[in-house]
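*Asks:* Position chain B relative to chain A; hints supplied.
Chains A and B supply the protein sequences, listed in that same order. With the working numbering applied, the first sequence corresponds to residues 2 to 268, in that order. With the working numbering applied, the second sequence corresponds to residues 42 to 147, in that order.
Each hint should be verified, as a subset may be incorrect.
As the list claims (entries may be wrong) - Take a look, some chain B residues computed to stay more than 12 Å from chain A by CB distance:
id: 1; residue: 53
id: 2; residue: 54
id: 3; residue: 56
id: 4; residue: 58
id: 5; residue: 78
id: 6; residue: 92
id: 7; residue: 98
id: 8; residue: 101
id: 9; residue: 103
id: 10; residue: 131
What the hints assert, rightly or not - Residues from chain A shown here face chain B by an in silico Cβ test under 7 Å; the list is partial:
id: 11; residue: 57
id: 12; residue: 60
id: 13; residue: 63
In case anyone wonders, no lab produced these hints; they're calculated from the structure. Since this is a predicted model, take the numbers as computed values, not measurements. A virtual CB, placed ideally from N, CA and C, is assigned to each residue, including glycine.
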Amino acid sequence: MNVQVSLSRWLALTASLMGVLVIANPTLSAEIASADRRSDYEFMRRDTQAMQDDDAANPGMLWVLEGETLWNARAGEANKSCADCHGDARVSMKGIASVYPSFDDKREKLVDLEARINICRTDHQNAKPLPFESKELLALMAYVARQSNGMPIKSNTDVRLKPHINAGQRMFYGRQGQLNLSCAQCHEDNWGKQLAGNKVPQGHPTGYPIYRLEWQNLGSLQRRLRTCLSGMRAQPYEYGSVELIELELYLMWRARGMTMDTPAVRP
Amino acid sequence: MSSALINVPARAKRGEIIAIKTLISHLMETGFRYDSTGVLVPRNIITDFVCTYNGEEIFRAGFFPAIAANPFMIFYTVATESGTIVFQWAGDNGYSESASAKIVVE
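Bound conformation, chain A alone (with noise of 0.2 Å):
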């Protein structure tokens, strides 16, 4: 009785003990070293390559071009336009989006993209946000991004990012969803794989919004992550919630360096 007694604490010692240990070290995954990184891009089917590659093929352009029309386009109850305060994109927006996800002064917290033009709307046009994934704010974030295509990913230095890449890393490399898997488990410890009819890559997000081709329609990184997190069974998070952007950040961050190529044709 007594060694029973004994043997199952041991036991429960011993998994609490390993418990801590997985806790304390939860990157069993290594990350990807600099020189092994990869875009999305050179995993493509040399088609798909060909279709990004040339702007008179690119789906996506059609929402470069409608961002351009809507940039100069007056808007809301102040009647004013983008262009009225930033002016030229080509200069004004150049590299922005290579440091997005980034830290709002005025709000504090966390904002991407698509949170910062719908800032931009309530703030300065009086004009209602406009929904998420909706052909309006696709096109204007094709637009923005579109200025820094060929502009590597900037690691973003504001210390008050810090706990949101922190919190983005330990959902890369959580487990979640009915299927106990993380992200790092695809996207680390197997990419280049076969999945399907297309390779596992690596996850940068190097050229988005992306056109993606299954979808046949462009779309936001928190739609793919979305997708993503279906996809493992799990329950994604909302469009907009700090988590997902927490996750954008993280794989932003991890992606310093990297080209930027939006809009990416994606399969």
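*Replies:* Chain B alone, transformed into the frame defined by chain A:
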């Protein structure tokens, strides 16, 4: 939505074979899908495309439900004379769109 992206070379030599690329924004809803409430989404596709070069028809295409959203086409013609190349799309629900491009042949 800016609906069409056209790519025609601005200049070409007489007799040269030129590539023409068109990309048009369209849902191409097949008519076979159901929405989240179980109601059939009605078909909404482009059905016809015609390209004319100085009024003469040089290319025509019929579109069907299996064609993906935002259809992209590339086709070729011989640059015969300077002028205008006109593109016209027509489809379900009275859909109609057109675009044009100038070409200088020397």
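*Asks:* What hints, given by number in increasing order, does this structure fail?
*Replies:* Violated hints: none; all satisfied.
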